[in-house]
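Top to bottom, those sequences are chains A and X.
For the first sequence, the residue numbers in this note's numbering are 2 to 117.
For the second sequence, the residue numbers in this note's numbering are 7 to 119.
Because the hints were derived from the structure by calculation, they are not lab data.
Since this is a predicted model, take the numbers as computed values, not measurements.
Note that beta-carbon positions come from the ideal geometry of N, C-alpha and C, so glycine has one too.
One should not assume that every hint holds.
Said to hold, decoys possible - Listed next, the in silico DMTMM-like pairs over lysine to aspartate or glutamate satisfying Cα-Cα at most 25 Å (straight line):
no.	chain 1	residue 1	chain 2	residue 2
1	X	K48	A	D87
2	X	K64	X	D90
3	A	K15	A	E72
4	A	K12	X	E45
5	X	K48	A	E45
6	A	K58	A	E72
7	A	K58	X	E85
8	X	K28	X	D65
9	A	K58	A	D19
10	A	K15	A	D57
11	A	K58	A	D110
12	X	K28	A	E45
13	X	K74	X	E21
14	X	K77	X	E21
15	X	K63	X	E85
16	X	K48	A	D110
17	X	K48	A	E86
18	X	K77	A	D25
19	X	K48	X	D90
20	X	K74	X	D55
21	X	K48	A	D64
22	X	K74	A	E45
23	A	K79	A	D57
24	A	K58	X	E89
25	X	K77	X	D65
26	X	K63	X	E8
27	X	K48	X	D33
28	X	K28	X	E85
29	A	K15	A	D110
30	A	K12	A	E69
31	A	K58	X	D33
Unchecked claim - For the chain X half of the interface with chain A, some residues (derived, Cβ under 10 Å), not all of them:
no.	residue
32	V10
33	P14
34	N37
35	Y38
36	Y42
37	Q44
38	R49
39	R57
40	K77
Residues per chain, in single letters:
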Amino acid sequence: GAGVSQSPRYKVAKRGQDVALRCDPISGHVSLFWYQQALGQGPEFLTYFQNEAQLDKSGLPSDRFFAERPEGSVSTLKIQRTQQEDSAVYLCASSFSRTTPYQPQHFGDGTRLSIL
Amino acid sequence: GENVEQHPSTLSVQEGDSAVIKCTYSDSASNYFPWYKQELGKRPQLIIDIRSNVGEKKDQRIAVTLNKTAKHFSLHITETQPEDSAVYFCAAPIIQGAQKLVFGQGTRLTINP
Numbered sequence: 002g003a004g005v006s007q008s009p010r011y012k013v014a015k016r017g018q019d020v021a022l023r024c025d026p027i028s029g030h031v032s033l034f035w036y037q038q039a040l041g042q043g044p045e046f047l048t049y050f051q052n053e054a055q056l057d058k059s060g061l062p063s064d065r066f067f068a069e070r071p072e073g074s075v076s077t078l079k080i081q082r083t084q085q086e087d088s089a090v091y092l093c094a095s096s097f098s099r100t101t102p103y104q105p106q107h108f109g110d111g112t113r114l115s116i117l
Numbered sequence: 007g008e009n010v011e012q013h014p015s016t017l018s019v020q021e022g023d024s025a026v027i028k029c030t031y032s033d034s035a036s037n038y039f040p041w042y043k044q045e046l047g048k049r050p051q052l053i054i055d056i057r058s059n060v061g062e063k064k065d066q067r068i069a070v071t072l073n074k075t076a077k078h079f080s081l082h083i084t085e086t087q088p089e090d091s092a093v094y095f096c097a098a099p100i101i102q103g104a105q106k107l108v109f110g111q112g113t114r115l116t117i118n119p
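The shape of chain A in the complex, shown without the other chains (with noise of 0.2 Å):
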């Protein structure tokens, strides 16, 4: 597959349990970024890598949830101590570079994560 592979596809937690979701970016594919959607809305942009380098996690909601890229592929989304409100779709994304003219954007199916 030359896809955005996302797994697990579906997640179901206690709260107070934590998560960890996983995304393998299309071969080559220097930007990654993680996006929530919650039912019925757009996606909401999380956090963003650079190769390994994570360059901008404005997104992120809490401190609670914390991503990371080691080798500068595969990432990771973890989510501390979940709460009802987490449950939505995490959605990851892949370009090929940052420079200009702007890459385009390619998703992942996504994990949808219920909170019991």
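Once you have looked at the hints, place chain X on chain A.
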């Protein structure tokens, strides 16, 4: 920062008719405008995009127009088919920093047979 407004929120058209979805943006520095189609439970799929150095771009039944002066861009779908039914999102990038995309609220398009 960038703000993107999308209208209408829902749109219902007869099969074979045209559909138009409009977006406005606030950051005059924005120079790239993608449109994504999202079917239920699936990924947002890039269907067409336009850069600020052109006013219109077409790809078969889909076209996008851009008016930089007015800061709005539109998606046009002609000869609509049932498989065009989906939620459509426009987006514009914040040019500074990560160039993250700011999305509109989405338009649920329904094609009636």
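Item to check | Hint status (Cβ of Y38 of chain X to nearest Cβ of chain A, threshold 10 Å) | outcome: holds, 4 Å
Item to check | Pair hint outcome, K74 of chain X versus E45 of chain A [Cα-Cα no greater than 25 Å] | outcome: Holds: K74 of chain X and E45 of chain A sit about 24 Å apart, inside 25 Å.
Checklist entry - Does the nearest C-beta of chain A fall within a distance shorter than 10 Å of the C-beta of K77 of chain X? => result violated, 17 Å
Checklist entry - K77 of chain X and D25 of chain A: Cα distance at most 25 Å? => result violated, 35 Å
Next on the checklist: Does the closest beta carbon of chain A sit nearer than 10 Å to the beta carbon of V10 of chain X?
Outcome noted: The hint holds - V10 of chain X has a Cβ within 10 Å of chain A, the shortest such distance being about 8 Å.
Next on the checklist: Next pair to validate is K77 of chain X with E21 of chain X; report whether the Cα-Cα distance is within 25 Å.
Outcome noted: The hint is violated at about 30 Å.
Item to check | Distance restraint between K58 of chain A and D33 of chain X, which requires alpha-carbon spacing of 25 Å or less | outcome: The given pair, whose Cα atoms are some 21 Å apart, holds under the 25 Å limit.
Next on the checklist: With the threshold set at 25 Å, check whether the alpha-carbon distance from K63 of chain X to E8 of chain X stays at or below it.
Outcome noted: holds, 23 Å
Item to check | Evaluation of the interface hint that places Q44 of chain X against chain A, nearest CB under 10 Å | outcome: The hint holds - Q44 of chain X has a Cβ within 10 Å of chain A, the shortest such distance being about 9 Å.
Checklist entry - Given the hinted pair K58 of chain A and E72 of chain A, is their alpha-carbon gap at most 25 Å? => result holds, 18 Å
Checklist entry - Keeping to a limit of 25 Å between CA atoms, is the pair of K15 of chain A and D57 of chain A held or broken? => result With Cα atoms ~29 Å apart, K15 of chain A and D57 of chain A exceed 25 Å; violated.
Item to check | Proposed proximity, D110 of chain A with K15 of chain A (alpha carbon, max 25 Å) | outcome: holds, 23 Å
Checked against the numbered hints given earlier, this structure breaks hints 3, 7, 10, 13, 14, 18, 21, 24, 27, 33 and 40; the rest are met.
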